[in-house]
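Taking the hints into account, I'd like the entire structure generated from these sequences.
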Amino acid sequence: MKPVPSGRLMPTADGNDLILTRTFRAPIDDVWASVTESERTARWFGPWEGDAAPGRTIRVRMAFEEGEAWTEVRIETCEPPRHLAVSTSDEAGDWRMELRLSESAGTTELQFVHHLTTTKGIGEIGPGWEYYLDMLVASRDGTPAPSFDDYYPSQQAYFEALAD
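Under the UniProt record's numbering, the first residue of the sequence shown is numbered 1, with each subsequent residue one higher.
Keep in mind that a hint or two might mislead.
[Stated by the list, open to error] Each computed DMTMM-like pair below joins lysine to aspartate or glutamate, with the alpha-carbon atoms no more than 20 Å apart:
1) 2 with 124
2) 120 with 37
3) 120 with 79
4) 120 with 90
5) 2 with 160
6) 120 with 141
7) 2 with 150
8) 120 with 160
9) 2 with 141
10) 120 with 164
11) 120 with 30
12) 2 with 149
[To be verified] Label pairs and their computed distance ranges (CB to CB):
13) 111 with 38: 16 to 24 Å
14) 51 with 29: 15 to 23 Å
15) 143 with 55: 32 to 40 Å
16) 160 with 50: 34 to 42 Å
17) 80 with 57: 16 to 24 Å
18) 148 with 72: 19 to 27 Å
19) 1 with 72: 30 to 38 Å
20) 55 with 157: 35 to 43 Å
21) 107 with 37: 28 to 36 Å
22) 3 with 26: 14 to 22 Å
23) 53 with 30: 20 to 28 Å
24) 74 with 15: 15 to 23 Å
25) 51 with 3: 15 to 23 Å
By construction, these hints were calculated from the structure, which means they are not laboratory data. Glycine residues also receive a C-beta, built at the ideal position from the N, C-alpha and C atoms.
Spelled out as structure tokens, the structure:
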């Protein structure tokens with residue numbers, strides 16, 4: 001498999017937004033469940049635990065990362081089934097991300113936005129999000145999970161060029 005990178009970089013007042021989009025032939029509520037229900041997120045990203053609500057922090061296990069580490073994720077905004085904004089802070093830095101969903105004629109578009117204050121490391125970040133979003137697609141379609149080796153380092157130059 002040779003996945004084609006789809007991310008784009010949009011300048012903002014605070015840096016840049018890395019935006020990746022996936023489209024599903026499914027109702028918005030079903031796609032929302034895939035990105036918010038722990039038993040469904042476990043299939044493509046990792047399970048989570050805690051009392052999920054805006055202003056609260058949950059723990060997410062990165063099931064497809066080395067060591068399957070748990071990380072704390074703060075829910076900034078949750079407006080079902082259209083908008084979820086979260087943030088996390090760890091040794092990798094401070095990360096702010098959003099999921100924006102819209103539906104038209106039985107098709108749901110999911111827009112993933114990673115708010116970047118710097119483009120340093122985008123060559124690793126971009127392929128990682130492409131991989132995870134394709135994991136979401138595979139989990140919904142019942143197709144085999146992709147291999148991260150198909151994303152990195154082959155997509156690194158694409159994402160680094162976005163920052164030039």
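query: Measuring from beta carbon to beta carbon, are residue 51 and residue 29 in 15 to 23 Å?
result: Given range 15 to 23 Å: holds, Cβ gap about 22 Å.
Hinted pair residue 120 and residue 90, Cα distance within 20 Å: holds, 16 Å
message: Need the status of pair residue 2, residue 150: alpha-carbon distance at most 20 Å?
response: Holds, at roughly 6 Å.
field: Distance restraint hint 14 to 22 Å, applied to the beta-carbon atoms of residue 3 and residue 26
entry: Holds, at about 21 Å.
message: Can you tell me whether the CB distance of residue 53 to residue 30 sits inside 20 to 28 Å?
response: Holds, at about 22 Å.
- prompt: Has the given pair, residue 2 with residue 141, been kept, meaning a C-alpha gap of at most 20 Å?
  reply: Since the Cα atoms of residue 2 and residue 141 sit roughly 18 Å apart, the hinted pair holds (cutoff 20 Å).
query: Are residue 148 and residue 72 spaced within 19 to 27 Å by their CB atoms?
result: holds, 23 Å
query: Could one say that the CB atoms of residue 143 and residue 55 fall in the range 32 to 40 Å?
result: holds, 37 Å
- prompt: Quick one, are residue 120 and residue 37 close enough, alpha carbons at most 20 Å?
  reply: violated, 32 Å
- request: Using the beta carbons of residue 80 and residue 57, state whether their distance is inside 16 to 24 Å or not.
  value: holds, 19 Å
task: Indicate whether the distance between the beta carbons of residue 51 and residue 3 respects the range 15 to 23 Å.
output: Violated, since residue 51 and residue 3 (Cβ atoms, about 36 Å apart) do not stay within the stated range.
- prompt: Regarding the pair residue 2 and residue 149, is the alpha-carbon distance no greater than 20 Å?
  reply: Measuring from Cα to Cα gives roughly 10 Å; hence the hint holds.
The structure fails hints 2, 3, 6, 11, 21 and 25 (numbered hints given earlier, in ascending order).
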